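Visitor: As a plain string of letters, each chain reads:
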Amino acid sequence: MTQTLHTNTQPPPLPTDLPKIVVRNLHASFGQSPVLQNINLDIRPRERLAIIGPASSGKTTFLRTLNRLNDLDHRFSKSGQILLDGQDTYAPYTDLAVLRRRIGMVYAVPIPLPWTIYDNIAYGPRLAGTRNRRQLDHIVESALKAAYLWDEVKDRLKEMATNLSGGQQQRLCVARVLALEPEVLLLDEPCSGLDPISTAKIEDALLQLKTKYSIILVTNNTKQAARASDRTAFFLMGQLIECGPTPNLFTNPKDQRTSDYITGHFG
Amino acid sequence: MLLSPKRSQFLAVSVMWLLAALTLGVLVFIIGFILVQGLPHLTWTFLSESPRSMGREGGILPMIVGTLWVAGLAVLIAGPIGVATAIYLTEYTREGRFTAIIRFGADCLAGIPSIIFGLFGFVFFVITLGMGLSVLSGALTLALMVLPTIVRTSEEAIRAVPKSYRDVSFGLGSTRWQMVTWVVLRCALPGIGTGIVLALGRSISETAAVMLTAGSALGFPRSIYESSRTLALHFYILSREGISMTNAYATASALIIAILAINLFAYWLMRRFVAKVA
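The listed protein sequences correspond, in order, to chains F and S.
Throughout, my numbering is defined as the position within the first sequence, counted from one, plus 2.
Throughout, my numbering is defined as the position within the second sequence, counted from one, plus 1459.
Read the hints as simulated data drawn from the structure, not as lab findings.
Only a predicted model underlies this, so the values are computations on that prediction, with no experimental measurement involved.
Treat the hints loosely; a few may be bogus.
[Stated by the list, open to error] Quick look at which bits of chain F chain S covers, simulated, 3 or more residues with Cβ under 8 Å: (1) 64-75; (2) 106-118.
[To be verified] Residues from chain S that face chain F, not an exhaustive set, calculated with beta carbons under 7 Å: (3) Thr1549; (4) Arg1553; (5) Ser1623; (6) Val1627; (7) Gly1630; (8) Leu1631; (9) Gly1632; (10) Ser1633; (11) Thr1634.
[Claimed, not checked] Which chain F residues face chain S? A few, computed with CB under 10 Å, are given here: (12) Arg102; (13) Ala130; (14) Cys175; (15) Leu188.
Yeah, the Cβ is synthetic: ideal placement off N, Cα and C, and Gly gets one too.
Take these sequences, add in the hints, and give me the full structure.
Guide: This is the structure in structure tokens:
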């Protein structure tokens, strides 16, 4: 069941092959400095879209604009449209809690809250009002399984999440988002601080998750983008330079700047 | 002549050690001096009896009760107001002229001598509002006095909660209020508790402000509208008017032991809390 974003409108039924998220003419800035310029991008259902680009090219801002986390910064302003299933996410009366449950986010640094593993995963469902113990147990178990963490922690759910290793913490953060049963997953360089084995586990999880969710993966690691995505978008200085199927973009980029970046000439 | 790095290091450590020892020494000396004078007279009967002939004889039970009433009520009033102010300042409003004014006001309030609070309490609560010399007047005055402490320590504690926790909470679909109550307050509770215990200690040991507002009646307060003498004020009157120095020291000993006990209890509570949360 999809919860409606706006309290005053009914969502029209949509065919499933329409884009999950539509971004049109998006400009964003913090104070006077523009961060994103004229971004047009569609995110399809059940695809893994990688966003690559050098530092400060607007990748993270783009993600945080999608789930409206940038709203927390009063200097942030934007123009243009973002539609989730055809509904304007920036319309007045938008229920931000519902929006952020539908578009879940995992951050670059694993941030376990200083609670037990169980409480971390159950936090999102509890916020939404789930109190039933059985139901929560079930959500926690399936979220941890989907994030490939269950086998490692099933006997110590009551232990502090902060005692987990870095890679486990990041999978915990993925599981915490999955517990919300989101439709879109935003991952902001989720493997930047992780070893290759942990990275591989997260990439495996993403491949499985793709069958249910749209995934947007921001990464500094072009190899990871090549491995773990269906389409890739290249951001540079706040602009979307090029977006296409991952194999094409990496073997035959249309723009010289994309070619320079993926061959390591800058960035 | 220049000192060698090793020597200057040795010298610096020695000086710092000495100064630290001096700090501790002063504290131990004052507490020791009072306990040596007072402990021999601090008997169970002294704690459990009412004073006779103005406190020359008898005990201090009504003052213990009065202190608990006045200080407890003050913290009960100032605690929620202070914590709510701190939450508002940190989570619900942007830094700007308004927050600067509130903070400046709190700092000014913290710097005002307690006798001025006493005078204000006397004029406003006792006379204008007609509460008379009473537990309530005293508690309200003390509440105003300790409010800045509670606001600023709570603010520090709330600010110390990592910003990333807030991002996570919002990202998981919490409202701001849910984020504050589930994440921020849970993490900041030990710090907030410390501030409240500090405020309780200040309320218990305050003399000037309660003298002018809670009065100095020797009996038990039967309600918050009656006057009551606190321990600190009892000590002041006993020694100032030369009624009984032995009883004054015994009262002071009881006061010091009570404050030490409160602090230890607070530490114990906090450690238990931290063990549970972190």
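Visitor: Can you give the numbers of the hints that this structure goes against, from lowest to highest?
Guide: 3
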